[in-house]
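For chain A, the structure is supplied; the task is to place chain B on it using the hints.
So the sequence lines, in the order shown, correspond to chains A and B.
All residue numbers for the first sequence refer to UniProt numbering, where the first residue is 1 and numbers rise by one.
All residue numbers for the second sequence refer to UniProt numbering, where the first residue is 1 and numbers rise by one.
Fair warning: there could be bad hints in the mix.
Unchecked claim - With a cut-off of at most 30 Å between alpha-carbon atoms, the simulated DSBU-like pairs for lysine-lysine come out as follows:
#, chain 1, residue 1, chain 2, residue 2
1, A, 266, B, 74
2, A, 287, A, 273
3, A, 282, A, 121
4, B, 282, A, 282
5, B, 224, A, 266
6, A, 197, B, 197
7, A, 197, B, 74
8, B, 224, A, 224
9, B, 282, A, 224
Honestly, the hints are just simulated from the structure, not real lab data.
Everything numeric in this text was worked out from a predicted model, so none of it was measured.
2 protein chains.
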Amino acid sequence: MSKPVRISLDAMGGDHGPSIVIPGAALALERHPDIRFLIFGNEAVIAPLLDAHPKLKAASELRHTEISIAMDEKPSQAIRMGRGKSSMWKAVQAVRDGEADACVSAGNTGALMATAKICLKTMAHIERPAIAAMWPTMRGESIVLDVGATIGADAGHLVDMAIMGAAMARIVFDLERPTVGLLNVGTEEIKGIEAVKEAGRILRERDAPYLEYRGFVEGDDIGKGTVDVVVTEGFTGNIALKTAEGTAKQIGQYLRSAMSRTLMAKIGYLFAKQAFDALRDKMDPRKVNGGLFLGLEGVVVKSHGGTDDLGFASAIDVAYDMAHFELMKTIRGMLEHDPVGHEA
Amino acid sequence: MSKPVRISLDAMGGDHGPSIVIPGAALALERHPDIRFLIFGNEAVIAPLLDAHPKLKAASELRHTEISIAMDEKPSQAIRMGRGKSSMWKAVQAVRDGEADACVSAGNTGALMATAKICLKTMAHIERPAIAAMWPTMRGESIVLDVGATIGADAGHLVDMAIMGAAMARIVFDLERPTVGLLNVGTEEIKGIEAVKEAGRILRERDAPYLEYRGFVEGDDIGKGTVDVVVTEGFTGNIALKTAEGTAKQIGQYLRSAMSRTLMAKIGYLFAKQAFDALRDKMDPRKVNGGLFLGLEGVVVKSHGGTDDLGFASAIDVAYDMAHFELMKTIRGMLEHDPVGHEA
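Isolated chain A (complex conformation) (with noise of 0.2 Å):
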């Protein structure tokens, strides 16, 4: 058998705390049967919620902490306050101290960032991290990122993204050389951002054996699927992520609406339900939930604070293949073979 996959949670993130963190665990545990759990929180709480779900009790190791971390915490104060102590410090501590191969928390995601980048550390030869999210497409499914780590980017922040985004692809999708294009506005007037461009040329020059640079995308081109990885500063990708998201939730209020409004289409709903209940299913946000921390010197997921045990077990997927399959070797071979970036 093989090395088992050591994943730490931080049980109290989230809008509803351990109880949907421990479900999700046991549901991922029946998915991957190698996970063994360190799972950090108010013991008072979780034992009973362990008790409930025997398998996954055994394939984990519960540690008690007395601070949670808000989901309004401001991410000073939840450094202040959690450092070496909280619940979420404590399982990205676990990935540092090599206790645990990923961490995955559903807590508020400027806490953890700070937390992750305080306690883990930058990679080396990337300036800062980027949170990667997975993106359902016409053609299955493309990474996105920076979906929202930091405000802004230069030529060399985008082309650190590219790299670090076609290691999680070549992972992911499984894919030897996963195409690579910039999100980039189309009109004549506006030519875009010169970070960009500045980008677009220094990958186009590079022509590195590990991605594909595919030049600029638009915004229609992320859910056409027309890359494999789709790379933007974090403001605009934060935007385009809720905006899609949005969108998609506007249409299945209309769709829902639709169908409710006259006997034949009730009636038509219930012949199609099936086909409903498999669109409804490949819409299903949950199942992509997992926004990946890359850059940093170990594997952190950010699970969507509000989700329910089944979101939160896609975040565990998400750690577990980027463990498995060994993200940070994929990253550091991909820099060591051609390094490239804002230092190049």
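This is chain B only, laid out in the frame that chain A set:
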């Protein structure tokens, strides 16, 4: 009878030129019989099309132009070869010269914006123009700007846009005090761009009587219809708009594929056909076609280049409303009443 609304058309713009512009104008005339058209373009092509629409012909004046601006023409080149001569230039010039109350073109955005800037000039108190789009939401429609006139914006530009967007909303939604939000990212780590925060401070302090500032909104608030007017700079706005379009197309494709997969689904589709048609109708991008150029001394509407006659008619509808309900006067009134913006 009230004064007719005079609209100038660049008949040669867009992917399909007069073959959609003329039938589109005929459609718009049916809805608004008080329109008078001033049509610029190649007479040899347009005259026969007008013959096929006698009512439109009676309400139109056709003026021959030799030069058409190609869809991939660079703005600088479009100005060089088109100044005083192209169908696009002439259509915009008609607004400047008081021969038309508004202009519509499906030509390339960059060329049209460059032409409009040179020919019409920017309004007093406004540093530069923006493009506003109508955006279908769960509550109806919202206005989003800038969707691609200029990359980047300082606080003053954002405040200008808030005022101009509110003026447009006052007309389109018939509201005394439209709600306005600034697009921002909501995570704790990244608290938004400095310009956005500063614009928020200005808008809050002014507490203008003609707009209700509602603070920051996130990407998913656009589709929710949280505010009547969403303000952002042109790069992010363009990406958001195209990302939403891409997501809508993607879900449409999922839906078609789901409904054709099994016999039961196909039967269901037949029963619910009317509901599906209503849904398609609701999601029809042609219905909200027409980007309004704001901040210029005249009304210019940009139709989507690839649209059909129905879409072009929608763009004319926008121009009609703005001219009929005196957008220019509304904006001027707001600026005079309480001049804000970058000079403040």
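Hints and how they fare:
1. For the given pair, residue 266 of chain A sits about 52 Å from residue 74 of chain B by alpha-carbon distance, which is inconsistent with the 30 Å threshold.
2. Annotation: proposed proximity of residue 287 of chain A to residue 273 of chain A holds, straight-line Cα distance about 20 Å (limit 30 Å).
3. For a cut-off of 30 Å, the pair hint linking residue 282 of chain A to residue 121 of chain A is broken: about 36 Å separates their Cα positions.
4. A hinted pair counts as satisfied when its Cα atoms are at most 30 Å apart, and residue 282 of chain B with residue 282 of chain A qualifies at roughly 22 Å.
5. Taking the CA atoms of residue 224 of chain B and residue 266 of chain A, the gap is about 25 Å. The hint holds against a cut of 30 Å.
6. Using a Cα cut-off of 30 Å, the hinted pair residue 197 of chain A and residue 197 of chain B holds, with the two alpha carbons roughly 27 Å apart.
7. Using a Cα cut-off of 30 Å, the hinted pair residue 197 of chain A and residue 74 of chain B holds, with the two alpha carbons roughly 17 Å apart.
8. This hinted pair checks out: residue 224 of chain B and residue 224 of chain A have alpha carbons roughly 23 Å apart, not beyond 30 Å.
9. Distance hint between residue 282 of chain B and residue 224 of chain A is fulfilled; the C-alpha atoms sit about 21 Å from each other, no more than 30 Å.
Of the numbered hints stated above, those contradicted by the structure are hints 1 and 3, listed in ascending order.
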